[in-house]
Amino acid sequence: AQTVTQSQPEMSVQEAETVTLSCTYDTSESDYYLFWYKQPPSRQMILVIRQEAYKQQNATENRFSVNFQKAAKSFSLKISDSQLGDAAMYFCAFVSGSARQLTFGSGTQLTVLP
Amino acid sequence: DSGVTQTPKHLITATGQRVTLRCSPRSGDLSVYWYQQSLDQGLQFLIQYYNGEERAKGNILERFSAQQFPDLHSELNLSSLELGDSALYFCASSTSGSADTQYFGPGTRLTVL
Chain A
1161 AQTVTQSQPE
1171 MSVQEAETVT
1181 LSCTYDTSES
1191 DYYLFWYKQP
1201 PSRQMILVIR
1211 QEAYKQQNAT
1221 ENRFSVNFQK
1231 AAKSFSLKIS
1241 DSQLGDAAMY
1251 FCAFVSGSAR
1261 QLTFGSGTQL
1271 TVLP
Chain B
40 DSGVTQTPKH
50 LITATGQRVT
60 LRCSPRSGDL
70 SVYWYQQSLD
80 QGLQFLIQYY
90 NGEERAKGNI
100 LERFSAQQFP
110 DLHSELNLSS
120 LELGDSALYF
130 CASSTSGSAD
140 TQYFGPGTRL
150 TVL
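In the order they appear, the protein sequences are chains A and B. Note that this note's numbering has the first sequence beginning at 1161, numbered continuously upward. Note that this note's numbering has the second sequence beginning at 40, numbered continuously upward.
The set of hints was computed from the structure by calculation and includes no laboratory data. Positions of the beta carbon are idealized from the N, C-alpha and C atoms, including for glycine. Be aware that one or more of the hints could be misleading.
What the hints assert, rightly or not - BS3-like, lysine-lysine: derived pairs with alpha carbons at most 30 Å apart: (1) K48/B to K1230/A; (2) K96/B to K1233/A; (3) K1215/A to K96/B; (4) K1230/A to K1215/A.
Claimed, not checked - According to the in silico footprint, chain A covers these stretches of chain B (three or more CB under 8 Å from chain A): (5) 49 to 62; (6) 77 to 87; (7) 107 to 113.
Construct the entire structure; sequences and hints are all you get.
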């Protein structure tokens, strides 16, 4: 069974600064995908970024980038130039090629301080 | 806006009742997933349908059932409701039935009194 661990229940960052959210996962599969989803106070689940395990290059989406360390089974999210609108709960999620459902971590609540 | 729609947004009902939650996937997506988000259990996968057929089952209670119709919309039926069923229920959709990006609807908040 796959597990996803987010060890930081809460984090805070000053506006315009950079913050990194941690995520580790455990799997015996070689074909899998990793995601970060954002859940703002509206409770909508919004896709932030996706990483395919077979790709060595780290994914980036504007101010969001990941540090994917496959051997260490680590998948952290870096948010640059943090904005007030980035305040949300961030979930790390995993899906393998054999199982189709997402397995989520417990989430990290990010606060952005003005 | 993800393109996935869910109705209703809020639902308040009593214990023992039955409710139906509805989901319409993004245009072109064949796969629908249902997830439950509760305070104590986090986000849990319930069930997946692909092009009308059940593909995967998670921790879905026997009191819960789902189906996907020929027009690809899906319904999640919850019966004999208990207080502990109060949660946010999400529908997500993806293009294929395998490992693929899932896009989430806005959710239905169910309150059981």
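Going down the list of hints, with the structure as the test:
Restraint check for K48/B and K1230/A: not satisfied, since their Cα atoms lie roughly 39 Å apart, outside the 30 Å limit. About 26 Å separates the Cα atoms of K96/B and K1233/A, which keeps this hinted pair within 30 Å; it holds. With a CA separation close to 29 Å, the supplied pair K1215/A and K96/B stays within the 30 Å bound. With a C-alpha separation of about 10 Å, the suggested pairing of K1230/A with K1215/A holds against the 30 Å cut-off.
Check on the stretch 49 to 62 of chain B: 0 of its residues sit with their Cβ under 8 Å from a Cβ of chain A, so the three-residue criterion for coverage is violated. A count of 4 residues in the stretch 77 to 87 of chain B with a Cβ less than 8 Å from any Cβ of chain A is obtained; the coverage claim is therefore met, three being the minimum. Residues of the stretch 107 to 113 of chain B with a Cβ under 8 Å from some Cβ of chain A number 0, which does not satisfy the need for three, so the listed coverage is violated.
In summary, the structure is inconsistent with hints 1, 5, 7 from the numbered list given earlier, while agreeing with the others.
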